[in-house]
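Here the protein sequences line up with chains A and B, keeping their order. 16 is the number of the first residue of the first sequence in the working numbering; add one for each residue after it. 3 is the number of the first residue of the second sequence in the working numbering; add one for each residue after it.
Any given hint could turn out to be false.
Output of the computed footprint for chain A on chain B, the stretches with three or more beta carbons under 8 Å from beta carbons of chain A [what the hints assert, rightly or not]: (1) 198-209; (2) 345-356.
Negatives, chain A to chain B, calculated, CB over 12 Å [what the hints assert, rightly or not]: (3) 38; (4) 42; (5) 44; (6) 59.
Just the calculated beta-carbon pair ranges, DEER-fashion [to be verified]: (7) B:241 with A:50: 32 to 42 Å; (8) B:162 with A:59: 47 to 57 Å; (9) A:32 with B:354: 17 to 27 Å; (10) A:50 with B:176: 47 to 57 Å; (11) A:47 with B:228: 32 to 42 Å; (12) B:84 with A:59: 13 to 23 Å; (13) A:44 with B:50: 38 to 48 Å; (14) B:228 with A:59: 23 to 33 Å; (15) A:32 with B:89: 44 to 54 Å; (16) B:11 with A:28: 38 to 48 Å; (17) B:290 with A:47: 31 to 41 Å.
It is worth saying that the hints were derived from the structure and are not from the lab. Note that the Cβ used here is the ideal one computed from N, Cα and C, for glycine as well.
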Amino acid sequence: MMSSVPGTDKKSKLLVYTIEECPVCGQKTKRAFQVGDYITKESAKCTKCGNTTRINLVYAEPAKPPNSR
Amino acid sequence: MQAGGVDTTSLLYIASFAVMIAFMFYGTRFQVYMALNDIGRGLNRLKIMKDKSRKEAIDYLVNVGKAPKDPTERVDQFLDYVTIMPVDIDPQGLVGKIDHVMTTNNDRVRAEVTNLLAPVNQVAVSQTGPVTVTQVNPVTVSISENLLEVASSLNLIHKIVRHYYLLGKKTNSYFTLIQLQMIMPMIIQEADALLNAVDSFKVGQPIGDGIGASIAARFMVGKEKRVVAKDTVMAISEYKGRKLYVLKAEGPMGYVGQPGLAIKKVVDEMGVKPTAIIMIDAALKLEGEKTGEIAEGVGAAIGGIGVEKFEIEEVATKQKVPLYAILVKQSILEAITVMRKEIAEASDKVVQVLNRVIEEKTKEGDDVVIAGIGNTLGVAQ
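So here's chain B without its partners, still in its complex pose (with noise of 0.2 Å):
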């Protein structure tokens, strides 16, 4: 086509390889301009997201709490509270020195927010009767510890991102930013169910993660309980001649207590010979896994750092003892958010199949230990 006598074709010919010889020297570069601006728009829904969730944790502690002073720098200040890992070359003895700092990092947070938190008349039962005693009711500061960790997760999240943001920036470093742009949408998405678990924690509903829990308080119900490590409770029960040694973290608190020590000590220092340990736990399902779904297995079921799974996979060993496992499958964010439906009608048929794990692998006259894995948030025993 002739247009005032230019070729119009040729011109759009040279057009068309002028733009592919401008995307041959500056395609990275309209790559890296693209890739800032998503990275971006993330980063400023993680802030918001970090922000919501400090505040949230600000106002529980003023509005539930009864803080006697303004709470916020001290929250600002938990927020940036770091935990050094101790150092892991010689790794002899490892466990034991993770355990120390996780311990210590756990107790100094408890006291710091029982700290913060206004003193409540509490009536509690002693050998002479009711008695009314002064102290933070315990829920709430549990609940607080909660809310303080998803806070702290969330400004760490936004700050690493921020940090390789602005380094990929300044570096203008196309791999930086391609792959953390590639990974935007698995961390909106964990920083998303972080969230969404504030909601539950402030009013204290059981969570998806406390399924273990809640079924193992169905054994513990009207038995005397005892406390056989921190934050964690044990009672003795019985099933078809086998009796039963029943553990899960205090509730209706937002614990995980230390089933691993607690373990330890039911079989070291009370004696207990199990014929099998039987863990009950929440675990991440896969992408097209229906949530509820429950899945048998051997081995420890626990997550955390591995200090707990370690200490029972340990005893387990020098005793002989087999470590049978029942996890209910479900999402992250429905792991840490109100328990869904599917969750929790999920618990007849995991006692059932507890039952029947019971009756083929023990025998009359054997001890079993049974340990509900999870935050116990709303669920006492």
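Chain A extracted, bound-state conformation (with noise of 0.2 Å):
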């Protein structure tokens, strides 16, 4: 008989990235989330006209399985 028990996930390891926007030119800087980071949050300054940027999204995706060439 077949377990109905489902076993250990393999689940796909998740990467979480900060997205910050500068809220004067617009451009999205895209970076590794840290402890504090939190959405509306002020952040580094943007890197195209110097404004303080604010975070945006925090998300996760999964990392990129490693070429298997």
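These two chains come separately, so use the hints to put the complex back together.
Structure, rendered in structure tokens:
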């Protein structure tokens, strides 16, 4: 009889990113999430216009599997 | 075929006949044995999950919350804490009673968690300028509350499964065990989702359920905020000549706030006469649906025990205000763990839908209430 209890999932590893957006020029920067980041928090200076950016999104996406060639 | 004077075919025939008769009498026992094995394995996994979440909660209280005393005993007491729901044989005023019990529970949990943690110096802005206040960090308190809630839920799941496992074993009840065996995969899946949530809670990352709050936050940035209900803030914004009353739970703490009471206060106490109430929330997707899909509808888009939903429906019905809902689809795992890219990237589309609903259902000069529903961990305003 097959077991009905699912085995331990081998989940794909998730990487969490923070997206900063400049409210003036709209430039978006993607970087790794750091503890203390939250949406709407003022962040680094914009590399394009020098204004203070704001954290717009924090999200996770699966880590790309290494090239298996 | 003959072997040493014995007919093998007849032997096999007799043997299979004997097996069939044995199964007729002992088949159920065999299945009970298999079910017990299966449930036992699942129960072990639940125990590991329960112990891990408890340990994570204690570690957080000690390492991040700098608990002055060993919190282990209090955490264990907390895990067995029960909330007794009011009697429902007379439903008159039942929602108010449930609200009262839940509020008492939430207040007590927060007070106890706050007492477990060490106060830290924080800079607050007062009328005379920045002042240093010594208090327990509210983000740490809310994260501790969330972690304890996860540990408590896993503890309860483990206890209930163990109860039916032992009851089925004791009474040799085939049907009890088979039913439990059948729902075990769903129970494990849900428990797994809860355990996964711990990693996101610990570092204060926004979770999938926070999509509604994160969209409301976009309308609140840079605006004056006021507290309208417990853990719930409101800001007034403007869109194409409409006055928007935007509500969400107060972030970046892991709160869900009291949106029902907040909408009631905006309408009843502040005298706002909204033309529409638009609610944005995460919704559980069905298998086969895509994560981040947007659904529109009518009605109060809010989960939970039902108190907030009742209050919103009541105020909307009394004032004859249409309720519109915008939902972002996600699984239970995605709703309580760090926000997935597909969900986060749906926010631009949700804002487009929201703007369209405002333009279609209201006109210039109207007041509109927008409520971003969900746990606002990692989402300020």
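Tested hints:
no. : hint                        : verdict
1   : 198-209                     : holds (count 4)
2   : 345-356                     : holds (count 4)
3   : 38                          : 8 Å, violated
4   : 42                          : 16 Å, holds
5   : 44                          : 15 Å, holds
6   : 59                          : 17 Å, holds
7   : B:241 with A:50: 32 to 42 Å : 35 Å, holds
8   : B:162 with A:59: 47 to 57 Å : 48 Å, holds
9   : A:32 with B:354: 17 to 27 Å : 23 Å, holds
10  : A:50 with B:176: 47 to 57 Å : 51 Å, holds
11  : A:47 with B:228: 32 to 42 Å : 35 Å, holds
12  : B:84 with A:59: 13 to 23 Å  : 48 Å, violated
13  : A:44 with B:50: 38 to 48 Å  : 40 Å, holds
14  : B:228 with A:59: 23 to 33 Å : 30 Å, holds
15  : A:32 with B:89: 44 to 54 Å  : 50 Å, holds
16  : B:11 with A:28: 38 to 48 Å  : 58 Å, violated
17  : B:290 with A:47: 31 to 41 Å : 33 Å, holds
Hints 3, 12, 16 from the list above are not met by this structure, while the remaining hints are.
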